[in-house]
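Asks: One-letter residues, chain by chain:
2 protein chains.
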Amino acid sequence: METKKVRIAICGYGNLGKGVEKAIKQNPDLELVGIFSRRPAEKLNTTSAILSMNNIESYKDLIDVVVMCGGSANDLEEQVPKFAKYYNTVDSFDTHAKIPEYYEKVDEVTQKSKKISIISVGWDPGLFSINRLYGESFLPEGNTYTFWGKGISQGHSNAIRRIPGVKDAVQYTNPIKKSVNKVRRGEMPELTARQMHLRECFVVLEDGANKEEVEKQIVTMKNYFSDYDTTVNFISEEELKEKHSGMPHGGFVIRSGKTGENTKQIMEFSLNLESNPEFTSSVLLAYARAAFKMSFKEYGAKTVYDVSPILLMPIGRKELIKKYL
Amino acid sequence: METKKVRIAICGYGNLGKGVEKAIKQNPDLELVGIFSRRPAEKLNTTSAILSMNNIESYKDLIDVVVMCGGSANDLEEQVPKFAKYYNTVDSFDTHAKIPEYYEKVDEVTQKSKKISIISVGWDPGLFSINRLYGESFLPEGNTYTFWGKGISQGHSNAIRRIPGVKDAVQYTNPIKKSVNKVRRGEMPELTARQMHLRECFVVLEDGANKEEVEKQIVTMKNYFSDYDTTVNFISEEELKEKHSGMPHGGFVIRSGKTGENTKQIMEFSLNLESNPEFTSSVLLAYARAAFKMSFKEYGAKTVYDVSPILLMPIGRKELIKKYL
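Going down the list, the protein sequences come from chains A and B.
Residues 0 to 324, numbered by numbering that gives the first Met the number 0, are exactly what the first sequence covers, in order.
Residues 0 to 324, numbered by numbering that gives the first Met the number 0, are exactly what the second sequence covers, in order.
Rather than coming from a laboratory, the hints here were simulated on the basis of the structure.
Check each hint, because a few of them may be wrong.
[What the hints assert, rightly or not] Output of the computed footprint for chain A on chain B, the stretches with three or more beta carbons under 8 Å from beta carbons of chain A:
#: 1; stretch: 20-31
#: 2; stretch: 137-143
#: 3; stretch: 210-224
#: 4; stretch: 230-236
Positions of the beta carbon are idealized from the N, C-alpha and C atoms, including for glycine.
Let the sequences and hints guide you as you build the complete structure.
Replies: Quick look at the structure:
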């Protein structure tokens, strides 16, 4: 007997949408209905069905969950409330400071539409958030440290690209090993931004641009670089393409706590990702499965905190207990 | 306004029960009602109230959750079904092979009593189980590796103690660094038991015992040592007490997976614990809080897979989102 598959649609066909399209093939209980995109079908290099953004409600009977793959900066705040009127959704909204307000907005829509929207899914926010909560729950006395990297920060790369004389740039955020080790040893250090992360930049200059001037502008840039030790490497366009066009990322959440009479206890969750968007896509899909299961019993805006682990897997309780407990 | 505290009782006053007694002081929303013990009150070195094992039902109106702190080998299979007739319970039943059968037994009782019993809570089974499931959910193509240690195995220590001529012994399980590193690099090796863990023994002999004979009996012991590389160190009773009376443990669950076109993605969860029982106690308490919250809506036997992260914390959704998401 074959059970019915969960019918997934993708909204947005950038790195994340492409990642979801690939990841669906790794999940036999899920099937792709199609991709909502603003771009004309012939411009998208895919064999998947293209769904129209103009009549999103017309696919209502064909789709169980829409995986929202737009960007946090421009797309999600507008698109998710629109889609959540008709569909269960999951998204990776990651502007930390705006999440509470975003949650309220999506909750208002879904309380009316009686759909489920799991917001801010991915690894941070997402799996890192879960591990911050686990740390606080299991070791109420202690400190939590989040380190990122080695990985590319799009925001910082873009900030460098806006400097006059810069043709292209990539910025890596690197955790400072010495500080990580202190934390891992349970020393509970107080760490400044500068003590936690290094910023490493690879910059391609326009012809005739002034190296010293560009470097100075980078390292003194407020909010982005001035609070960090920053190294700037000038390289050729070819080298940038060859060596720095991947999208690796990762990091660790470490909880350093104490129990009883000063007993040290350390929990750590870490990720080492060759492709940040492909991993995020894969996490989004597992939460899409959960959203589908939850939609029979509840509605409203949800976060990863509301999702019990059993909902993420395509198999039932008895098999789970036997294989993984 | 002070909210009512969750009223916790402990059943069993060994290392785990003592750990729970201490951990309650770190959780202001929980309070200890007392300790169920078979031993007479004057033999227990505690100022907590001692509750009688003879009339367990008589405290029904005073206790919200009983944290079952007996051993898996002898106590829990008998005690949990008894207590779950009257109380919500959490326990750390950890005989992996017997969990499915134990689950059924506890479920039968709690379906009748309409209480919640969260079974097999702790770190393995427990947090490691959750991370095995997360690995499979987020990276459906890949391998999961569980390494334990460095830590003391009570089962292996006891097996050595049963050998004639042995006065006392402690056995450490150590992960093999070389194999861990292969896994962390995403090489997905096939590993035998011998390639994953080393067994390191510290043995105190009785006067006149034969070193060679004892060592041979240890390293050739079926099910315990014969499938591993084992080192045996003979030491004095004083040295054993001085250097090997702690209860450290830990380990890692590593998921090595692939997404897209062969993209390597690694997830890892690790623990480095100075006291195994104190950490387990602390995890049990967070799940006791969850059991209490769940008891208003559902009943039956549950596992860590059924518990959404939000239930583990004493604070509400909005604060959680703001602080940890």
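Asks: Give a verdict on every hint.
Replies: Verification of the hints:
no., hint, result
1, 20-31, "holds (count 4)"
2, 137-143, "holds (count 4)"
3, 210-224, "violated (count 0)"
4, 230-236, "violated (count 0)"
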